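Protein chains: 2
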Amino acid sequence: MPLSLTGVTTMFEGSFQLNSISGSKSQALNTIFASTLSCLYLAIQVLPQYSTASTLPLSELKEPQHDISSPNLNAAFAELKVILGASNISTVQAELDHRSNSSWSSHQEKLHEKPHMIVFPSSTKDVAAIMQICHRRRIPVTAYSGGTSVEGQYTPTRGGICIDFARMDKIVTLHEKDLDVVVQPAVGWEFLNEELAKSNLFFPPDPGPGAQIGGMVGTGCSGTNAYRYGTMREWVLSLTIVLADGTVIKTRQRPRKSSAGYDLTKLFIGSEGTLGLVTEAVLKVIPLPQTTSVAVASFPSIRDAADCVSEIVGKGVPVAAIEILDDVQMHCINKSGMTDRMWPEAPTLFFKFAGTSIQVLEQIDIVKKSASNARNKSFEFAKSQQEQDDLWSARKAALWSVMALRKDESDHVWTGDVAVPISRLPDIMEETKQDLSKSGLLATIVGHVGDGNFHAVILYNDGQRELANGIVHRMVKRAIEMEGTVTGEHGVGLVKRDYLPYELGEATVDAMRQLKHALDPLCLLNCDKVVRMSNPKAGEVKAW
Amino acid sequence: MPLSLTGVTTMFEGSFQLNSISGSKSQALNTIFASTLSCLYLAIQVLPQYSTASTLPLSELKEPQHDISSPNLNAAFAELKVILGASNISTVQAELDHRSNSSWSSHQEKLHEKPHMIVFPSSTKDVAAIMQICHRRRIPVTAYSGGTSVEGQYTPTRGGICIDFARMDKIVTLHEKDLDVVVQPAVGWEFLNEELAKSNLFFPPDPGPGAQIGGMVGTGCSGTNAYRYGTMREWVLSLTIVLADGTVIKTRQRPRKSSAGYDLTKLFIGSEGTLGLVTEAVLKVIPLPQTTSVAVASFPSIRDAADCVSEIVGKGVPVAAIEILDDVQMHCINKSGMTDRMWPEAPTLFFKFAGTSIQVLEQIDIVKKSASNARNKSFEFAKSQQEQDDLWSARKAALWSVMALRKDESDHVWTGDVAVPISRLPDIMEETKQDLSKSGLLATIVGHVGDGNFHAVILYNDGQRELANGIVHRMVKRAIEMEGTVTGEHGVGLVKRDYLPYELGEATVDAMRQLKHALDPLCLLNCDKVVRMSNPKAGEVKAW
Numbered sequence: 001m002p003l004s005l006t007g008v009t010t011m012f013e014g015s016f017q018l019n020s021i022s023g024s025k026s027q028a029l030n031t032i033f034a035s036t037l038s039c040l041y042l043a044i045q046v047l048p049q050y051s052t053a054s055t056l057p058l059s060e061l062k063e064p065q066h067d068i069s070s071p072n073l074n075a076a077f078a079e080l081k082v083i084l085g086a087s088n089i090s091t092v093q094a095e096l097d098h099r100s101n102s103s104w105s106s107h108q109e110k111l112h113e114k115p116h117m118i119v120f121p122s123s124t125k126d127v128a129a130i131m132q133i134c135h136r137r138r139i140p141v142t143a144y145s146g147g148t149s150v151e152g153q154y155t156p157t158r159g160g161i162c163i164d165f166a167r168m169d170k171i172v173t174l175h176e177k178d179l180d181v182v183v184q185p186a187v188g189w190e191f192l193n194e195e196l197a198k199s200n201l202f203f204p205p206d207p208g209p210g211a212q213i214g215g216m217v218g219t220g221c222s223g224t225n226a227y228r229y230g231t232m233r234e235w236v237l238s239l240t241i242v243l244a245d246g247t248v249i250k251t252r253q254r255p256r257k258s259s260a261g262y263d264l265t266k267l268f269i270g271s272e273g274t275l276g277l278v279t280e281a282v283l284k285v286i287p288l289p290q291t292t293s294v295a296v297a298s299f300p301s302i303r304d305a306a307d308c309v310s311e312i313v314g315k316g317v318p319v320a321a322i323e324i325l326d327d328v329q330m331h332c333i334n335k336s337g338m339t340d341r342m343w344p345e346a347p348t349l350f351f352k353f354a355g356t357s358i359q360v361l362e363q364i365d366i367v368k369k370s371a372s373n374a375r376n377k378s379f380e381f382a383k384s385q386q387e388q389d390d391l392w393s394a395r396k397a398a399l400w401s402v403m404a405l406r407k408d409e410s411d412h413v414w415t416g417d418v419a420v421p422i423s424r425l426p427d428i429m430e431e432t433k434q435d436l437s438k439s440g441l442l443a444t445i446v447g448h449v450g451d452g453n454f455h456a457v458i459l460y461n462d463g464q465r466e467l468a469n470g471i472v473h474r475m476v477k478r479a480i481e482m483e484g485t486v487t488g489e490h491g492v493g494l495v496k497r498d499y500l501p502y503e504l505g506e507a508t509v510d511a512m513r514q515l516k517h518a519l520d521p522l523c524l525l526n527c528d529k530v531v532r533m534s535n536p537k538a539g540e541v542k543a544w
Numbered sequence: 001m002p003l004s005l006t007g008v009t010t011m012f013e014g015s016f017q018l019n020s021i022s023g024s025k026s027q028a029l030n031t032i033f034a035s036t037l038s039c040l041y042l043a044i045q046v047l048p049q050y051s052t053a054s055t056l057p058l059s060e061l062k063e064p065q066h067d068i069s070s071p072n073l074n075a076a077f078a079e080l081k082v083i084l085g086a087s088n089i090s091t092v093q094a095e096l097d098h099r100s101n102s103s104w105s106s107h108q109e110k111l112h113e114k115p116h117m118i119v120f121p122s123s124t125k126d127v128a129a130i131m132q133i134c135h136r137r138r139i140p141v142t143a144y145s146g147g148t149s150v151e152g153q154y155t156p157t158r159g160g161i162c163i164d165f166a167r168m169d170k171i172v173t174l175h176e177k178d179l180d181v182v183v184q185p186a187v188g189w190e191f192l193n194e195e196l197a198k199s200n201l202f203f204p205p206d207p208g209p210g211a212q213i214g215g216m217v218g219t220g221c222s223g224t225n226a227y228r229y230g231t232m233r234e235w236v237l238s239l240t241i242v243l244a245d246g247t248v249i250k251t252r253q254r255p256r257k258s259s260a261g262y263d264l265t266k267l268f269i270g271s272e273g274t275l276g277l278v279t280e281a282v283l284k285v286i287p288l289p290q291t292t293s294v295a296v297a298s299f300p301s302i303r304d305a306a307d308c309v310s311e312i313v314g315k316g317v318p319v320a321a322i323e324i325l326d327d328v329q330m331h332c333i334n335k336s337g338m339t340d341r342m343w344p345e346a347p348t349l350f351f352k353f354a355g356t357s358i359q360v361l362e363q364i365d366i367v368k369k370s371a372s373n374a375r376n377k378s379f380e381f382a383k384s385q386q387e388q389d390d391l392w393s394a395r396k397a398a399l400w401s402v403m404a405l406r407k408d409e410s411d412h413v414w415t416g417d418v419a420v421p422i423s424r425l426p427d428i429m430e431e432t433k434q435d436l437s438k439s440g441l442l443a444t445i446v447g448h449v450g451d452g453n454f455h456a457v458i459l460y461n462d463g464q465r466e467l468a469n470g471i472v473h474r475m476v477k478r479a480i481e482m483e484g485t486v487t488g489e490h491g492v493g494l495v496k497r498d499y500l501p502y503e504l505g506e507a508t509v510d511a512m513r514q515l516k517h518a519l520d521p522l523c524l525l526n527c528d529k530v531v532r533m534s535n536p537k538a539g540e541v542k543a544w
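Those sequence lines, one after another, are chains A and B. Residues 1 to 544, numbered by the UniProt record's numbering, are exactly what the first sequence covers, in order. Residues 1 to 544, numbered by the UniProt record's numbering, are exactly what the second sequence covers, in order.
Since the hints were made in silico from the structure, they are not lab data. A hint or two may mislead.
[What the hints assert, rightly or not] For lysine-lysine, the following BS3-like pairs were computed, each having C-alpha atoms within a straight-line distance of at most 27 angstroms:
no., chain 1, residue 1, chain 2, residue 2
1, A, K477, B, K177
2, B, K368, A, K177
3, A, K377, A, K396
4, B, K177, A, K177
5, B, K477, A, K250
6, B, K396, B, K383
Computed from a prediction, not measured in an experiment: that's the story for all the values here.
Okay, chain A solo, but in the shape it has when bound (with noise of 0.2 angstroms):
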């Protein structure tokens, strides 16, 4: 229970009933303890309400104080000219409205979340003056780094300064004996790993095209990868940080494992830029493997399909990725021509293999009997490079092929994720393509099945917004009755934060508010994302 200092003031007050006093000194005196109570009832406000609780829920947290007026930014503005030069500050239009959201991002953009100008940083010590000057000046913030989140993750719902990382974009040092590599936050993943190859190295989180390090960090994204290898949050050994104030931490040397403290790497690891900023990573490799093979099968339903991949994951087969296209996704791709061969329009799984040559071999051979007890329809499997990029194709076509089938501007696409506990995977996708098949509307399903990770891809114009909404909706509610999770890798945003409650109960969130309140107590990194800092207004949370 929080000390209520408000009562304190009352209290006062109701002590300085002074009626034996009277005359001008009396009233001199009312004056000066007039004053003096509202000096101290000011201060009394400055103040937070103080608590020994564990958590902060939402209405015990007084509403952020930001200042984004006029003369405020413009004074931040000549300072932050000083340290970065006006060349790296931008208020140009244009790209205010890139950093606010995309045609791809599954927030709905509100008129005035957009930033009020761009900084480019290119150092840490950049990174770390700007934060003081907008802690200084209670500016509110948001980080920016590939643009590839969809879950509104980068729009800045406060304005503010937008800090873009692109300046910051390089592979600082490989320690190959070591296997790891330290980085820039706007490094991408495809660009590290081409670099990597030259050295025979491997970065194995693969997230969407064009994401970059440091929103990785953000999202704790994973992608086709995970299943054989993990998502982002094994893969990174420390991250130097720029907190709200802009403090500087490192959160760990390069030691390949330490107990050492609490973890804070993976603390910040899926905090989307709401904990610190992200500016220079230490990441894990490890050697390319020797081999790689890809095959491909489809079946006559998508719990034929899951089958397969229960029997699969059940002997712990280390296949390096399990991915399901539902009849729809193959169709789409088909009618998209993005790839140069038909496809079966049938639920399809796609494997990928890495090991040496015999490892491979050996997991082809119990995939393909696995495929056979599941009922396949067709199994193919590389037997070249060329073959295995043939075959891989339609996987790396998925999401662009219901891209591709865009009519107009008022055409999108939504791209939802959630997870569930492997054997629950059947139940969802089932009942989730028939939510779809209801609706009427062009929807896919692309799944990391390995995980019990699957997105809906749903293709929807402006006046289907509420039905594609819905869908979603109803998708992330079986999720969670299924003891799964509202994102199994796109984040929480703005778009899922409504939803965290009723994954996690009250208390826990409570308990998310309480280390973000910690660490950047005004609330200047990317408010409002992941977790609720304001109280919704009417209608802005659906009904459960």
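Go by the hints and put chain B onto chain A.
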């Protein structure tokens, strides 16, 4: 910069120079003023210093105020009796002693470092009720499960209540198809694996014998399997936690992966009972490997052995474990007679293999070649389960063989661990070995060499404590200078706490303190562990 409220008081005092009023009225008035001010001053003292900073330096923290007075503890006892029954509370001296420290701990326990009572809850609800009482009464709390930690983790520096989880030792539910298991905190990892084996399943983390899930979460433990399978961090899906004020949170449901909100699960892993109490855990499990084997190879020098490891790690061969024992350790094993055979007294690598029989044979072949490239003196691999057990028996006996050489109660064993980037492991092991030789103490090196993590196992008597302490101190310093960590798997407890700022920087430790203070403002949970909550006494911290 914190708002200095003391300053506000002083200002008020300045305003009240009411010299123009005289007589009894002014006296009465002054009395009212004085009492008002003292009221205000009191209120201000109760308040913490308010800060908009992201970190909490020790200099800004108020000394934790606990109440371990007899009346308060007696009143707590009466309340706890109602909840738990008298038979589940103990104040028997021998039991209190047993929960204070152990003979294998490197912490030198002080006389007052004992719990005042031990409570044995049977459910999350019990633990929440205990914490509500302790929170209200400001009684410090220490959690206890297997008692195998070595750095003073469960030594109650401020007395209070020990929560022994012994009664919460159930495997709650095994979800075979989802590959997860729900357990209570006092389930031992060995027992768990016996039970899982009945379903052909396996839980990889393998810390010291006797360790239990609660403590394994607390320490963020690992063991010999970490090279292949990762540490405790990679094997916990979700935790049920009782926070310092008795709030119960669950960090996740049971999806295999999630990006939904801050990764609280991983924040609690490695927090050594300072942030919350684990009352239930959902653990990942995997199918037992079809085939396993063991190989043992000895080398002319530590550096040759390290070269062998480097080649294997660099090739990404997924061996299940790579362990090193130095010549002195092999000598101790021979001398103790703890295995059925004699061993070459040379630096020796122990390998575990797991997978299909084809994979295992292939791995043995690669390892054999790497050992030969590194000038090995011997190479043996197991052709039967019996041979596996025989070969692995030496690795298993390592610590105990040194313990067996203790002559009397005044002899102790100090097992200190550090971890460094893999390429630096030969350097630090060699330098530490030289240091050990010079000391004249019997001391061995045992390492999880695939992770860059090793232990010095030092036999010393009461009079040699400072000698042993010095060895560990220099080893830690070396690890930090090589970009490593002060502990790879044993945790911080009390012994490594003052090294943390050297490894991570003061600001990082201050960020950890901020998190501790946010979740446990009264510092009730295992206060003084991991991060300092009080200034050190003179001479308490060893010079760097």
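Please verify whether K177 of chain B and K177 of chain A have alpha carbons no more than 27 angstroms apart. 39 angstroms, violated
Under the criterion that the straight-line Cα-Cα distance not exceed 27 angstroms, is the pair K477 of chain A, K177 of chain B satisfied? Distance of about 22 angstroms is within 27 angstroms: holds.
Restraint status (C-alpha distance of K368 of chain B to K177 of chain A at most 27 angstroms): Holds. K368 of chain B to K177 of chain A sits at ~21 angstroms (cutoff 27 angstroms).
Given the hinted pair K477 of chain B and K250 of chain A, is their Cα-Cα distance within 27 angstroms? 18 angstroms, holds
Holds or violated: are the alpha carbons of K396 of chain B and K383 of chain B at most 27 angstroms from each other? 19 angstroms, holds
Satisfaction of hint between K396 of chain A and K377 of chain A, Cα-Cα up to 27 angstroms: 22 angstroms, holds
Violated hint: 4 only; the structure is consistent with all others.
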